[in-house]
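From first to last, the protein sequence lines stand for chains A and B.
The numbering used here puts the first residue of the first sequence at -12, with every later residue one more than the last.
The numbering used here puts the first residue of the second sequence at 363, with every later residue one more than the last.
No lab work stands behind these hints, which were simulated from the structure alone.
Note that beta-carbon positions come from the ideal geometry of N, C-alpha and C, so glycine has one too.
Honestly, I wouldn't trust all of these hints.
Each pair of labels, with its calculated beta carbon distance range [said to hold, decoys possible]: (1) B:Gln392 / A:Gly152: 42 to 52 Å; (2) A:Gly150 / B:Gln392: 22 to 32 Å; (3) A:Asp75 / B:Ile445: 40 to 50 Å; (4) B:Val401 / A:Leu34: 14 to 24 Å; (5) A:Thr151 / B:Gly394: 52 to 62 Å; (6) B:Leu385 / A:Glu30: 22 to 32 Å; (7) A:Gly91 / B:Ile445: 28 to 38 Å; (8) A:Gly152 / B:Gly394: 47 to 57 Å; (9) B:Ala374 / A:Thr11: 27 to 37 Å; (10) A:Asp103 / B:Gln429: 37 to 47 Å; (11) B:Ile445 / A:Arg147: 45 to 55 Å; (12) B:Gln429 / A:Val19: 13 to 23 Å.
Computed footprint of chain B on chain A; a stretch qualifies when at least three of its residues, placed anywhere within it, have a C-beta under 8 Å from a C-beta of chain B [unchecked claim]: (13) 11 to 22; (14) 57 to 68.
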Amino acid sequence: MSDDTVPLLPSDAEAHPGTRGIWTFIFIDMIVFLLMFLVYISEKWRLWDSFIVSQHHLDPIVGLASTLFLLTSSWCMAEAVTTLRRDDPQWAGYWLSASIALGGLFVVNKLVEYWDKVSAGLTPGSDSFLMLYFVITGLHFTHVIGGLIFMAHCRARISREAGTGNFRKKLENVGLFWHFVDVLWLFIFPMLYLTAIA
Amino acid sequence: MSVSRSVAKPSAVWLMLMGLTLLSVGIAEQIGSTKIAIVAIFLISAIKADRVVVHYMEIKEAEANWQPLYRTWIVAVTAALVIAHIA
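Please construct the entire structure, taking both the sequences and the accompanying hints into account.
See below:
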């Protein structure tokens, strides 16, 4: 039996964005991050003064830049999915490229930030806040890298595969993952950068 | 593609998200880290996250059980962060 005759997706796949698998995966990942946020909160309660002092090592403007890159990248991804649904793979490819480029800017910004911190002697071993800062943003960073790899894979294949239902579903899944990465940062940014209560 | 789009235009959502982001940073910078400012900042985060989930992730078009789970997660994270900072 050839691949063309074996349905890879359920019959009602077109009615819903993404697949059941990606929604499940993302939700499980969201629970993991919720637990990490609770660990952060628990530690901050325990070491409140130390956290406030250490939070001032972070520059809110750097965090703002990361937020703007990721939000704009998310917008471009949404446009890529919308454009592909309108059967315009060329423009879908352009939007996807823009989304990847903006994700790349987030990566560069974060690496420069990490370098600045480490160069100044601020490492995960310095104190509890910095340990959690590096762990939480580091785990988020791995998700960003993963998302960019998936997006690059789609970008490389869009010209050949854009007309297939499986590719549209794949791009939707990648888009959902990327938006989830964005949603995480929408909480990570204020939690770490904007809440140093004196 | 047959997913019906009960969502706003992505560009309109982006403008709103950018505006809310700048608002939250403005609150943090100008009002400072008072409890009211902290609550406002996290509520803004919740609104932004909800808009991304609704308009970019199109959760209202997903299978029915996902919407309450995802939006409950947003409420749970927001509540935890707000309580942590004002308690």
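Hints versus structure:
no. : hint                            : result
1   : B:Gln392 / A:Gly152: 42 to 52 Å : 50 Å, holds
2   : A:Gly150 / B:Gln392: 22 to 32 Å : 51 Å, violated
3   : A:Asp75 / B:Ile445: 40 to 50 Å  : 47 Å, holds
4   : B:Val401 / A:Leu34: 14 to 24 Å  : 22 Å, holds
5   : A:Thr151 / B:Gly394: 52 to 62 Å : 54 Å, holds
6   : B:Leu385 / A:Glu30: 22 to 32 Å  : 29 Å, holds
7   : A:Gly91 / B:Ile445: 28 to 38 Å  : 36 Å, holds
8   : A:Gly152 / B:Gly394: 47 to 57 Å : 52 Å, holds
9   : B:Ala374 / A:Thr11: 27 to 37 Å  : 30 Å, holds
10  : A:Asp103 / B:Gln429: 37 to 47 Å : 40 Å, holds
11  : B:Ile445 / A:Arg147: 45 to 55 Å : 51 Å, holds
12  : B:Gln429 / A:Val19: 13 to 23 Å  : 20 Å, holds
13  : 11 to 22                        : holds (count 4)
14  : 57 to 68                        : holds (count 7)
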